[in-house]
Every structure is written in C-alpha cells, then in structure tokens.
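In this text, residue positions in the sequence shown follow this note's numbering: the first is 1380, and each later residue adds one.
Keep in mind the hints are simulated off the structure, nothing from the lab. Honestly, I wouldn't trust all of these hints.
[Claimed, not checked] The list that follows gives simulated cross-link-like pairs (lysine-lysine, DSSO-like), each with its CA atoms no further than 27 Å apart:
| no. | residue 1 | residue 2 |
| --- | --- | --- |
| 1 | LYS1398 | LYS1441 |
| 2 | LYS1441 | LYS1473 |
| 3 | LYS1393 | LYS1427 |
| 4 | LYS1460 | LYS1477 |
| 5 | LYS1516 | LYS1457 |
| 6 | LYS1398 | LYS1602 |
| 7 | LYS1398 | LYS1485 |
| 8 | LYS1678 | LYS1602 |
| 9 | LYS1398 | LYS1422 |
| 10 | LYS1427 | LYS1398 |
| 11 | LYS1678 | LYS1398 |
| 12 | LYS1393 | LYS1477 |
| 13 | LYS1516 | LYS1500 |
| 14 | LYS1477 | LYS1516 |
[What the hints assert, rightly or not] Restraint ranges, calculated between C-beta atoms of paired labels, are given here:
| no. | residue 1 | residue 2 | range |
| --- | --- | --- | --- |
| 15 | PRO1503 | LYS1680 | 26 to 32 Å |
| 16 | ASN1676 | VAL1414 | 31 to 37 Å |
| 17 | MET1518 | ASP1542 | 30 to 36 Å |
| 18 | LYS1630 | VAL1605 | 43 to 49 Å |
| 19 | LEU1461 | ASP1429 | 15 to 21 Å |
Using N, Cα and C, we set each Cβ at its ideal position, and we do this for glycine too.
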Amino acid sequence: MRVAVTGICSGLGKALLPKLQMDPSVSEIIGIDVVEFEGNTEKVNFLKIDVRDAGAIERALKGVDVLIHLAYIVIPKKLPKLRVIYDINVNGSKTVFKAAAKNNVKKIMYISSQAVYGHVKECPKIVTEESPRLGIKTMNFYYSHTKALVEKYLDELEETYPDIAVVRFRPPIIAGANFIENLGLISPKKGKNMLFPQIAGEGLGLQLVHEDDLTNAIMIALKRDVHGAYNVASNILPGLIEFFEQEFGTKVRRIPIPRVLVKLAIGLGRIWTKLSWLQAILYHSSLNTEKIEKELNWKPKYSTEDCLRELYQGN
1380 MRVAVTGICS GLGKALLPKL QMDPSVSEII GIDVVEFEGN TEKVNFLKID VRDAGAIERA
1440 LKGVDVLIHL AYIVIPKKLP KLRVIYDINV NGSKTVFKAA AKNNVKKIMY ISSQAVYGHV
1500 KECPKIVTEE SPRLGIKTMN FYYSHTKALV EKYLDELEET YPDIAVVRFR PPIIAGANFI
1560 ENLGLISPKK GKNMLFPQIA GEGLGLQLVH EDDLTNAIMI ALKRDVHGAY NVASNILPGL
1620 IEFFEQEFGT KVRRIPIPRV LVKLAIGLGR IWTKLSWLQA ILYHSSLNTE KIEKELNWKP
1680 KYSTEDCLRE LYQGN
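Model the full structure from these sequences, guided by the hints.
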C-alpha cells in the first residue's frame, strides 16, 4: 500500500510516521511538506511541495492508494495573514483532494477538528458526528471556519466520487510529546504559579486526545473498509483548575473576565488573528465518542488527566 501524507513534518506527522513505517502493509510513504524532512527516511519518499501547487500535488499522488491530509495552519508561533491562512487551509485542502480524485486514490483521510461543530451559542454541550457543523457560522475564528469550509467541500467531493472512501477524524486539542509547545495556557509549569483567565460565570473543563491514541485511530481506519466522520477524544475533565491545584500543588490565580470584553476581543480576531481563539473558550462543547468506540473498536489509552501529567513532566 502506497500512502501519501501531507504535513509529514507536523507534530501529528512526526507521531504517525513511525507507525506507518512499522506496518508491513505500507510499502511506501510519500511525505509532502513545505519544510525539509529531517526524520527517519525508511520507506519515505519526501517531496518538498506546497499543497496549493496543483500540478506538483497531482504528480505526487500518482499511484497512491491512501491520502492522509495533515497539512494545515493551526496556531504557529508566527501566524501568516488571514488571507494566506484561508488560502492554505481551504484552497490547499481542495487542491490536494482534487488531485487525489484525479489519481483515483481509494481512500482520503482528513484530520478535521472538534472546531468544525463551531464555537457559537447554538452549539450543544455534547456533540455527536450528526451534530450540525456550526463552524460555518464562526466567521471570526479562522480555525473553526476553515475546518467547516473544508468539510463542506468534502461533502461535494463524496457526491461526485462515491467510490472514494472519505474518513474524517474530529479531535479536540491534541496532547503528547510533539504538541507540548502548542498547549500554551493549559500547560502547568513546575514550581510556578499560574494565571488563568476565566470568563465570568464559566467553569473551565477540558477534553484532550493523546497523539498516540489519535494515530492509533488513523492506523485502524487505514486498514479497514470504513468511511465517515469520527469524533476521537479522551474523557471530559470537568474542573481543570481544580485538577492543577490538587494534582500538582499549583497555585492558580483566577482572573475573571466579563463576557462582553471577550466578545469585543473576538471581534478584533480578523485584525489580531490569535485573539480569535478566545471564541473556543467563550463557547465550547465536548465530544461524544461512542461511534468510534463501536465501529472501530477504538478506546483511548490516555485519559485527559494522563495527558496533563505527561505535559507537566515535560515542563
């Protein structure tokens, strides 16, 4: 089986690669990224390509059986301009999927996000795969909005190419060794007190998925005759601040922030892009994972608490 992975140099790409290399059913890995590949080259044919380069992507996917699309702007240290984010996330994804269809790729696996359900008032507290994808309404939050736009395009692709098995994974925040730098605010620091902004009237719960559990789900779906959307997450931790205080002895200072100020800051998200992530705090939901547990026989090895303990040890 020839497997192409866009974003092979990303955190998730680094976590997934060893499992692909160890799997005897995978004969070749076409690794695609815009940065140089510095990992283990076993089975890897690396191509330095921008996902928006239609011609190069189409050539790269010739003879590929499965496409795993990871390339995406999430929240790097230096965010590009908003129009560039949309160009990479939406147009880049479309370009990759179109190339896969032209090359008769048998399966497309897309790592979507919990954010596709949206961070708006109408979003239910617990979401299933059938819940409305209200990210299309989250106009001030580029990550949620682009995830919803890409999934909308995948709907159209599935109608046009019904023989392609499309699998969509919708994880929450990903934890693990390759994601320590990305976890920012929820990262407990050894021997240090923490400041936690808290929206007035809101408790802060958390649901994570470990990179090992997410990549296990990808590997299961890679080798099974499956298609559709799957929420993939660990348990819900209802009291994050309380957990830090009890588990790590961290002194947490809560900083109440009026909801009206948060909404004003979110409104500036199209100017100062990182502010848009406040939308995820203002309205957040949790994932129901019954479908993936039943259909793929998947269960997380790491609880949300385990993820935080590992994060603490890494700091």
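So, going through the hints one by one against the coordinates:
no.: 1; hint: LYS1398 <-> LYS1441; result: 23 Å, holds
no.: 2; hint: LYS1441 <-> LYS1473; result: 17 Å, holds
no.: 3; hint: LYS1393 <-> LYS1427; result: 16 Å, holds
no.: 4; hint: LYS1460 <-> LYS1477; result: 25 Å, holds
no.: 5; hint: LYS1516 <-> LYS1457; result: 25 Å, holds
no.: 6; hint: LYS1398 <-> LYS1602; result: 12 Å, holds
no.: 7; hint: LYS1398 <-> LYS1485; result: 20 Å, holds
no.: 8; hint: LYS1678 <-> LYS1602; result: 17 Å, holds
no.: 9; hint: LYS1398 <-> LYS1422; result: 12 Å, holds
no.: 10; hint: LYS1427 <-> LYS1398; result: 22 Å, holds
no.: 11; hint: LYS1678 <-> LYS1398; result: 17 Å, holds
no.: 12; hint: LYS1393 <-> LYS1477; result: 25 Å, holds
no.: 13; hint: LYS1516 <-> LYS1500; result: 10 Å, holds
no.: 14; hint: LYS1477 <-> LYS1516; result: 25 Å, holds
no.: 15; hint: PRO1503 <-> LYS1680: 26 to 32 Å; result: 28 Å, holds
no.: 16; hint: ASN1676 <-> VAL1414: 31 to 37 Å; result: 35 Å, holds
no.: 17; hint: MET1518 <-> ASP1542: 30 to 36 Å; result: 34 Å, holds
no.: 18; hint: LYS1630 <-> VAL1605: 43 to 49 Å; result: 46 Å, holds
no.: 19; hint: LEU1461 <-> ASP1429: 15 to 21 Å; result: 18 Å, holds
Of the numbered hints stated above, none is contradicted by the structure.
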